[in-house]
Amino acid sequence: MSTATVTRATRASRIAMIIAALALIVLALAPWWAGRADLRLMGEIFLYLSLACLWNLMAGYAGLVSVGQQAFVGFGGYMLFALTIFGGLHPIAAILLAGVLAAALSVPVAALIFRLKGAYFAIGTWVVAEVFRLTFAQISALGGGSGTSLPVGIVKSLADGRSAREALSYWLALGAAVTVMACVYLFLRSRRGLALTAIRDSETAAAGLGIDIWRTKLEVYVVTSAFTAVIGGLLFLQKLRISPDAAFSVNDWTAFVIFIVVIGGIGTLEGPIIGTLLFFLLRETLADFGTIYLMVLGAVAIVIMLKAPKGVWGLVRDRYDLELFPLSYRVNTQNKGN
Amino acid sequence: MIEWVNAVVQGVLLGGLYALFAAGLSLIFGVMRLVNIAHGDLIILAAYLGLSTTVMLGIHPFVALLIVMPAMAGIGYILQRGLLNQTLGPDILPPLLVTFGLSVILQNALLEGYTADPQKLNAGAIETASLSAGGLTIGVLPLLTFAMAIAVIATLQWVFYATALGRGFRAVSDNQDIAQLMGLNKAHVFGLAMALALAVTAIAGILLGVRTSFDPAIGGGRLIFGFEAVIIGGLGNIWGTLAGGVILGVAQTVGAKIDPGWQVLAGHVAFLIVLAVRPNGLFPRVEH
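Chain order of the listed sequences is A and B. So for the first sequence, this note's numbering puts the first residue at 7; every next one is plus one. So for the second sequence, this note's numbering puts the first residue at 1074; every next one is plus one.
Keep in mind that the hints were calculated from the coordinates and are not lab data. Just so you know, nobody snuck in bad clues.
Derived DSS-like pairs: lysine-lysine, alpha-carbon spacing no greater than 27 Å straight-line:
id, chain 1, residue 1, chain 2, residue 2
1, A, Lys313, B, Lys1259
2, A, Lys123, A, Lys313
3, A, Lys316, A, Lys123
4, B, Lys1259, A, Lys123
5, A, Lys223, A, Lys316
6, A, Lys162, A, Lys245
Per the computed footprint, the stretches of chain B lying under chain A, defined by three or more beta-carbons under 8 Å from a beta-carbon of chain A, are:
id, region
7, 1152-1162
8, 1169-1175
9, 1297-1307
10, 1332-1340
11, 1347-1357
Derived, one-sided and incomplete: chain B residues facing chain A with beta-carbon distance under 10 Å:
id, residue
12, Leu1107
13, Asn1109
14, Gly1294
Computed from a prediction, not measured in an experiment: that's the story for all the values here. We treat Cβ as the ideally placed atom computed from N, Cα and C, and that holds for glycine.
With the hints as constraints, model all of the structure from the sequences given.
Shown next, in the form of structure tokens:
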């Protein structure tokens, strides 16, 4: 007699979850054990990790390759400034509202740029980001082309004392990264996530099975835009200063994020984590070289795309059959007696 | 009133430059379905090659074309055979991400070699020469740029439909495998298409450098203008691309006339309106 059972979790994934939970506790306590500079760096790492997970969901799963996510990073940043300065909102409320506004704005944007296919879609998203940048540069109340700083009163309303503010800013970044990863993971495990994976593997076959492709992609685009705007708000809450060129920078918010995902492994959940760690490792060691560092990064991304299109994590997974986030189904057959 | 007519005329002529940005993009897409994100940075590379040539040899930028055009064509052939051919296939991610990486590399290599200081090509008296007609003053250089755009597009059209090379382009565009069976080496044909596209890019880069100052960071913006001209005109229609460039140019100069800060924004808005009303562009290719 042999019985077959279908499972998703594996021994490796269970161990990974326990390690992740322990790591999360250690990271949550960081304000008590890490220095000021390290805390800032880790906060930035979590926000980049979030951006990478979101871009990966769009490009790696929904096939929406965007080079214009800086549109929503910058929008979120500017909404933080506008809603706190003119709306009198608390910064955290402003950041959450920025997410809602970004979701609303992304629907008409999607209606326009979804008409473009593939690579043309990518450049279309860039045009939208440029429209955002040029529009915010025209708003003189927000400093026009030269930008503005967050008033001291608003910064102080966040928490008493500088170290308390820095700790709060760090926890917000950590919380955002955990929320984004949990949402992406649960979404991919759900019925809709299955539909999305089907679309990734074959659009024609997915349509044949009755999946509404346009709608599924729209949902991903709207949710990703909302989260991206929230992350943008958090990024500029750390920086406390905003300008159109910084807020809508294609290098900072899209090129780096793409390199992170491609190097780590596109279309996997583990990829962005590995990619973010590698990216910051490279940055901290090579940052003094400036332009050379960026050229190396571009070259590494090209080589990985050509030689190992599933990135570093793809190599690990193929070699050891590992999956830390249990997404696929496994059939286990056990022979009972003879 | 005459000021508005003037803005429109300047816009039409500016459209010639945008059509030149777009022609290479359109050609590559037509032959191998590749969208080159590094296209704008290649235009800027051509401008810098023009700068080095004019400074080192002490020649006029237009004479420098005799060196920059073959140089860019050579770069194009090597780039296509050495790198881009490996990215072509049913998956759109590799070409997109590889050309994106290439764009970042080019931009930073130019920054390393030429610094971030804005540069300009010096073409002498022709830069300020102008013709007057009925109250309008038309610069000789914009007029020459527009004439060049028409000449380039007519030449591309002729190459495509009246030469053996063009037959090769059309054959691999229709069906790569059958073209290969008929004795065409598609890797070589793609290399030639990229060489031709980058030769056109050389013209665009030199004319851009004579018209305005440039720095390593502006490639992305030029890619966007070229892309908008292609989409407004309609994919696959190269004369439509000229019309698209003209519409973009007019939108920009008229926008700038209303408020100088609106120049580029007005062009993007015109593009988005066309996308909303006629998603296939104004002059899509007629399917036979």
